[in-house]
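My request is simple: use the sequences and hints to build the entire structure.
Protein chains in written order, with our numbering: chain A, 1 to 181; chain B, 182 to 383.
In short, the hints are calculated from the structure, not lab data.
One or more of the hints may lead you astray.
Pair by pair, the computed Cβ-Cβ distance ranges are [unchecked claim]: (1) A:Gly66 with B:Pro293: 49 to 57 Å; (2) B:Asp374 with A:Lys108: 42 to 50 Å; (3) B:Glu354 with A:Arg150: 22 to 30 Å.
One side only, chain B facing chain A, incomplete, derived with CB under 7 Å [said to hold, decoys possible]: (4) Gly241; (5) Ser262; (6) Pro360; (7) Leu361; (8) Leu363.
Facing chain B, a subset of chain A residues (Cβ under 7 Å, in silico) [to be verified]: (9) Ile46; (10) Ala60; (11) Gly61; (12) Ala65; (13) Lys67; (14) Leu90; (15) Gln154.
Quick reminder that beta carbons are idealized off the backbone N, C-alpha and C, glycines included.
Each chain, letter by letter, is given below.
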Amino acid sequence: MINGVLHPKNVVAQLVQHGVSHYVTLPDSETANMYEALLAEPSVTIVPVAREGEAIPIAAGLFVAGKNPVISIQNAGLFEAGDALRGLGLGIGLPLVMFIGYRGHNRKGDTPDSAATFLEPYLHMWRVEYFVVESNDDLDRVPLAFDLARKTNQPVAVAIGTEYASEPAGASGPAQEEGGQ
Amino acid sequence: MITYADACRVINESRGEAVSVTTMTQTKYWNRVSSEPDLDVGIANAMSKASSVALGIALGDPGRPVLCLDSDGSLLMNFGSLATIAGMAPKNLYHFVFNNGIYAVTGGQPVPAPGVDYARAAEACGYRSAHRFDDIESLDTALPGILSNPGPVMIEIIVKGEPSTEGVDQTWESNARLPLQLRALRTRLTGSDDWGPGGPYI
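Spelled out as structure tokens, the structure:
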């Protein structure tokens with residue numbers, strides 16, 4: 001059980017702060033509320049893909065054309081996208097922040113979901129640096145990911161270790177922790 | 182049936198200042214005729230992803246035409262990209278598929294279904310229009326008009342297979358070509374040379 005919540009509007013605010021232009025994604029159950037929150041943000045264009053392996057190549061093309069994309073796919077989809085990560089992420093030195101849904105993550109290490117079991121070993125295998133974000137308290141790790149991607153010209157992962165919370169209808173501005181200040 | 186050399190020559194004659202994204206055998210012939218090498222990217226070391234890279238460039242630079250010179254074997258590995266492209270509907274994307282029914286660079290083994298009609302598949306996914314050519318005269322005559330209309334457009338070209346047993350060039354220098362080309366293209370498109378070295382090749 002992970003304490004605290006992660007409000008998608010806070011992540012959207014981070015994307016806007018970093019000048020993200022395109023959000024290339026294949027939605028999954030963990031990030032469904034993020035998708036909804038992004039629909040209300042006009043400065044970020046959503047690019048839906050049919051398969052996760054398309055996401056990094058599309059992001060590469062956008063970056064070459066002067067845009068500032070991120071991708072958002074599930075851990076199981078990142079496994080499918082391995083050759084794209086190799087050839088068009090790591091291979092070309094693409095500064096790209098990859099939001100990865102950490103399906104099955106429970107912080108205990110005894111998850112029955114092999115998609116969670118293999119995510120961090122998989123990132124280590126590719127030598128991809130990553131940060132885990134489990135709640136609003138962890139959002140200061142997102143700017144670290146953008147900085148590291150830019151400094152190293154390499155993809156950097158942000159593993160989203162919880163389901164995004166739903167936003168109350170009509171809410172605007174950054175969301176607070178329940179019971180927060 | 183059309184030869185690679187003729188198809189690339191005819192396409193280049195109509196390209197203007199379009200970006201080109203090529204893959205596999207097309208890259209070899211395109212490089213011999215290209216009038217704008219600074220606007221060319223040959224997708225090596227990432228088979229099947231030419232259509233996705235081309236989509237990204239087209240979305241990022243909507244005022245400039247983007248020509249993707251794809252192949253049937255590559256597209257079959259990334260077939261969902263037809264739906265992704267149709268969904269985003271970039272008006273500046275022209276998707277050529279060189280259909281020879283074989284994996285040419287591995288010696289000519291047949292693709293799983295050599296009879297796939299890629300033009301109809303693209304149209305069914307929602308491309309704005311789709312065309313199929315098996316003689317060079319028809320392609321030569323129709324292409325300027327096709328490229329003057331909005332995309333996404335599929336142009337399927339039935340080409341004569343040229344099986345090779347040479348394999349794909351895999352050296353440090355050949356693998357550095359793609360990251361260098363992409364940086365040069367970004368500089369050409371944006372005027373900025375702020376993309377520094379990174380990765381194993383540069």
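Structure-based check of all given hints:
For Gly66 (chain A) paired with Pro293 (chain B), a C-beta distance near 38 Å fails the hint of 49 to 57 Å. The hinted range of 42 to 50 Å is satisfied by Asp374 (chain B) and Lys108 (chain A), whose Cβ atoms lie roughly 48 Å apart. Between Glu354 (chain B) and Arg150 (chain A) the C-beta distance comes to about 27 Å, which sits within the given range of 22 to 30 Å. Hint status for Gly241 (chain B): holds, given a least beta-carbon distance of 3 Å to chain A, under 7 Å.
For Ser262 (chain B), the suggested interface contact is upheld, since its CB lies about 6 Å from the closest CB of chain A, less than 7 Å. Hint status for Pro360 (chain B): holds, given a least beta-carbon distance of 4 Å to chain A, under 7 Å. Annotation: Leu361 (chain B) was flagged as interfacial toward chain A, and the flag is violated, the nearest CB pair being 9 Å apart, outside 7 Å. For Leu363 (chain B), the interface hint holds, since its Cβ comes within 7 Å of a Cβ in chain A; the closest pair sits about 5 Å apart.
At its closest, the beta carbon of Ile46 (chain A) sits 10 Å from a beta carbon of chain B; the interface hint therefore is violated under the 7 Å criterion. This hint holds: Ala60 (chain A) has a C-beta 6 Å from the nearest C-beta of chain B, less than the 7 Å allowed. Annotation: interface hint on Gly61 (chain A) holds; nearest CB of chain B at approximately 2 Å, less than 7 Å. The beta carbon of Ala65 (chain A) is positioned within 7 Å of a beta carbon in chain B (closest approach about 3 Å), and the interface hint is therefore held.
With a cut of 7 Å, the hint placing Lys67 (chain A) at the interface with chain B holds, because the nearest CB-to-CB distance is about 4 Å. A least Cβ separation of about 6 Å between Leu90 (chain A) and chain B falls short of the 7 Å threshold, and the interface hint therefore holds. Contact between Gln154 (chain A) and chain B, as hinted, is supported at the beta carbon level, the nearest pair being about 6 Å apart and thus within 7 Å.
Violated hints for the displayed structure, listed by number in ascending order: 1, 7, 9.
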